[in-house]
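Numbered according to the numbering used here, the sequence shown terminates at residue 626, and the numbering increases by one at each position without gaps.
Since the hints were made in silico from the structure, they are not lab data. Treat the hints with caution; some may be incorrect.
Taking CB as the label site, the calculated pair distances span [unchecked claim]: (1) Ile92 - Leu195: 46 to 54 Å; (2) Tyr169 - Ile412: 43 to 51 Å; (3) Tyr109 - Ala53: 34 to 42 Å; (4) Pro262 - Pro524: 38 to 46 Å; (5) Glu177 - Lys495: 56 to 64 Å; (6) Ile394 - Ala573: 28 to 36 Å; (7) Ile394 - Lys337: 55 to 63 Å; (8) Phe612 - Ile92: 46 to 54 Å; (9) Cys600 - Tyr169: 44 to 52 Å; (10) Pro262 - Ser522: 21 to 29 Å; (11) Phe527 - Tyr109: 46 to 54 Å; (12) Arg458 - Lys495: 43 to 51 Å; (13) Lys10 - Ser57: 24 to 32 Å.
Calculated lysine-lysine pairs in the DSS-like style (CA-CA distance at most 27 Å, straight line) [what the hints assert, rightly or not]: (14) Lys337 - Lys234; (15) Lys496 - Lys611; (16) Lys237 - Lys353; (17) Lys561 - Lys66; (18) Lys13 - Lys561; (19) Lys223 - Lys320; (20) Lys77 - Lys418; (21) Lys211 - Lys337; (22) Lys495 - Lys66; (23) Lys182 - Lys43; (24) Lys374 - Lys402; (25) Lys425 - Lys399; (26) Lys399 - Lys66.
As the structure is a prediction and not an experimental result, all values here were calculated from the model. Built from N, CA and C at the ideal position, the CB exists for glycine as well.
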Amino acid sequence: MKKFFLSSSKPEKRNPWFWVPSLYFAEGIPYIVVMTVSVIMYKRMGISNTDIALYTSWLYLPWVIKPLWSPVVDLLKTKRFWIITMQFIVAIGLGGVALTIPLPDFFKYTLLFFWLLAFSSATHDIAADGFYMLGLSQHEQAFFVGIRSTFYRLAMITGQGLLVILAGYMESTTGLEPVELKVYSKTNYVNEIILPDTNFNSINTEKISIKTSSDELYIGTIKKSKSEVDSILKIVKEWNLKNGFYVEDKSNQTVTLKQDEPSWWEKFVVQPLEKFLRENFGEKKVEIKKSDFTGNIGIVYFHLSNPPDKEYVVHFGREKGDNSINLIEGSRFIFNKQNWNKPALAVIQLDPKLNYETEALFQVRSGDIPFAWKVTFLFLSGLFILFFIYHFLILPYPKTDKAVISGSSKNIVTEFFKTFVLFFKKKGIVAALAFLLFYRFAEAQLVKLASPFLLDVREMGGLALTTGQVGFVYGTVGIISLTLGGLLGGFVAAKKGLKFWLWWMVIAINLPDLVYVYLSQSLPDNFWIINACVAIEQFGYGFGFTAYMLFMIYISEGEHKTAHFAITTGLMALGMMIPGMFSGWLQEIIGYKNFFIWVCIATIPSFLAVKFIRVDPEFGIKKDKN
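All chains, full assembly: derive it from the sequences and hints.
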């Protein structure tokens with residue numbers, strides 16, 4: 001093993017199991033850190049929702065425009081060089097975030113490092129995808145396409161789950177002792193809403209602790225009037241503001257804008273089209289009387305045991321349990337010498353569709369939040385130093401991995417534009433573009449409305465699932481089915497090639513859409529039938545998407561394959577974005593039943609696109625070494 005790592009030779013090939021899983025795991029981590037973990041961190045640090053949404057949304061820009069600078073990665077240096085260099089820069093960026101978190105202007109400085117992470121991560125994506133095509137044979141590319149997707153998804157799970165758990169653990173072990181509160185929904189039970197208005201006395205203990213009104217809270221599933229809930233919420237917010245537990249977020253205030261006159265497009269195209277669709281395909285609207293009732297609520301309050309010598313930031317939230325039990329007011333409080341003995345109020349609400357007994361565990365904690373996130377990002381920085389060292393030693397040196405040009409800036413500019421021209425001059429490019437844009441035409445519409453369909457009440461044509469049930473359907477059953485479908489797709493494509501499986505895969509990605517026609521027509525109330533239908537659709541999507549990934553690799557073959565693959569990823573995003581934009585508008589006009597029938601009709605362009613593309617029958621099949 002020592003000889004394997006320290007050999008001075010530069011092997012052109014290495015066992016893909018040594019580097020493909022780790023490379024794609026490393027590709028996914030910085031993306032999820034920038035797009036998701038940063039949002040959670042800023043929320044815990046007290047940044048307003050408006051600032052979080054605005055500034056972190058801009059961080060997606062490097063991935064949107066990465067096809068524009070992908071030729072630079074292809075033209076200058078090797079893909080191996082770009083991978084190693086970007087992993088080192090990612091390590092620096094993560095370390096920079098960690099070191100600037102404790103600073104007074106941490107928001108400004110951490111954002112700068114997140115921008116560095118975003119651009120270096122997007123560049124790493126370009127190089128990694130290019131290296132995958134250079135370092136593997138066509139057969140190996142087909143075999144590992146499902147494996148690379150699986151490890152990328154594992155990185156997503158690690159970022160959204162394990163990293164946040166690590167930060168949460170550090171929070172809970174660096175401040176006041178956490179306090180747990182169990183919340184139960186209970187049928188045929190009426191809970192009283194009591195609003196305390198008192199000061200608590202100091203408890204004679206040396207150690208400051210958090211005190212709660214109770215360690216258990218029971219909330220009846222009987223609905224409560226919206227007006228009553230709104231008035232209680234208003235009182236709670238005013239109390240918390242008056243006592244300095246938090247500062248009002250003025251960004252949430254509603255601004256009334258003057259309605260513009262409809263544009264000519266709206267007036268002469270959209271409105272007539274809406275009228276035609278509604279009259280000919282719209283479902284007969286069932287008059288739904290807007291309910292005056294909503295989910296029942298319960299109130300919990302907490303305070304400190306003794307006067308503090310410093311300011312304590314206390315967080316309250318659900319740790320585990322049913323997602324149908326939600327905190328709707330009181331997630332972050334500031335305790336100091338002036339308000340330590342006053343009750344900070346929090347409101348917990350049941351999902352209005354919840355009609356059974358369940359439970360959730362909530363926790364009150366006051367840890368050293370900056371320290372917790374500093375440690376988390378230092379851990380990530382160290383992890384990427386290890387990735388940098390490991391891939392520096394383990395990545396092979398393919399003969400074809402070389403800089404396309406080396407010379408004057410004039411040559412670089414010429415080659416830069418030539419890269420794009422060559423892509424659009426490829427043989428059969430029109431059919432290829434149609435495939436990239438329309439292969440997922442139906443799926444792009446379905447995916448936007450699947451969750452709303454599961455959540456909507458039955459009177460609106462939905463299945464009336466609770467938030468927790470939808471989380472289980474898509475977060476557990478769906479993910480497992482999607483992953484298994486993707487793995488199977490890669491394995492079978494490596495056996496007989498993309499050409500052999502292409503039609504089977506286009507059928508697999510489209511035919512299971514019929515399960516939503518069944519669900520929307522029959523509206524079953526059996527939860528396991530719904531799970532089975534979603535599992536079938538997601539498995540088919542995972543299996544069928546393999547063909548799309550392999551065709552992206554196939555059409556990128558030749559000179560500038562790294563840049564050309566990046567262009568296909570841009571077209572892939574476009575093919576999902578545009579159908580998704582009008583899907584909600586269409587569903588609201590024609591209803592769920594007709595919408596899912598339309599989705600099945602919308603699979604036709606996918607089949608037509610497959611008919612007109614040309615794929616080498618040998619692509620993906622293991623070739624005889626002789």
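- Item | Assessment of proposed distance window 43 to 51 Å (beta carbons of Tyr169, Ile412) | holds (49 Å)
- Going straight from one Cα to the other, do Lys77 and Lys418 come out at no more than 27 Å? Given pair Lys77, Lys418 holds - Cα atoms ~18 Å apart, limit 27 Å.
- Item | Lys425 paired with Lys399 [C-alpha distance capped at 27 Å] | holds (26 Å)
- Taking the CB of Tyr109 and the CB of Ala53, does the distance hold inside 34 to 42 Å? violated (20 Å)
- Below or equal to 27 Å on CA atoms is what counts here, so check Lys223 against Lys320. Holds: Lys223 and Lys320 sit about 24 Å apart, inside 27 Å.
- Cβ distance range 24 to 32 Å for Lys10 and Ser57, holds or violated: Violated, since Lys10 and Ser57 (Cβ atoms, about 42 Å apart) do not stay within the stated range.
- Message: Holds or violated: Lys182 and Lys43, Cα atoms, limit 27 Å.
- Response: holds (24 Å)
- 27 Å limit on alpha-carbon distance, applied to hinted pair Lys496 and Lys611: holds (19 Å)
- Query: Measuring from beta carbon to beta carbon, are Pro262 and Ser522 in 21 to 29 Å?
  - Reply: Since the Cβ atoms of Pro262 and Ser522 sit about 39 Å apart, the hinted range of 21 to 29 Å is violated.
- CB of Pro262 to CB of Pro524, is that within 38 to 46 Å? With a Cβ separation near 41 Å, Pro262 and Pro524 satisfy 38 to 46 Å, so the hint holds.
- Item | Hinted pair Lys374 and Lys402, Cα distance within 27 Å | Judged against 27 Å, a Cα distance of about 38 Å means the pair is violated.
- Honestly, do Arg458 and Lys495 meet the 43 to 51 Å range at C-beta? With Cβ atoms ~45 Å apart, the hint holds.
Of the numbered hints stated above, those contradicted by the structure are hints 3, 10, 13, 22 and 24, listed in ascending order.
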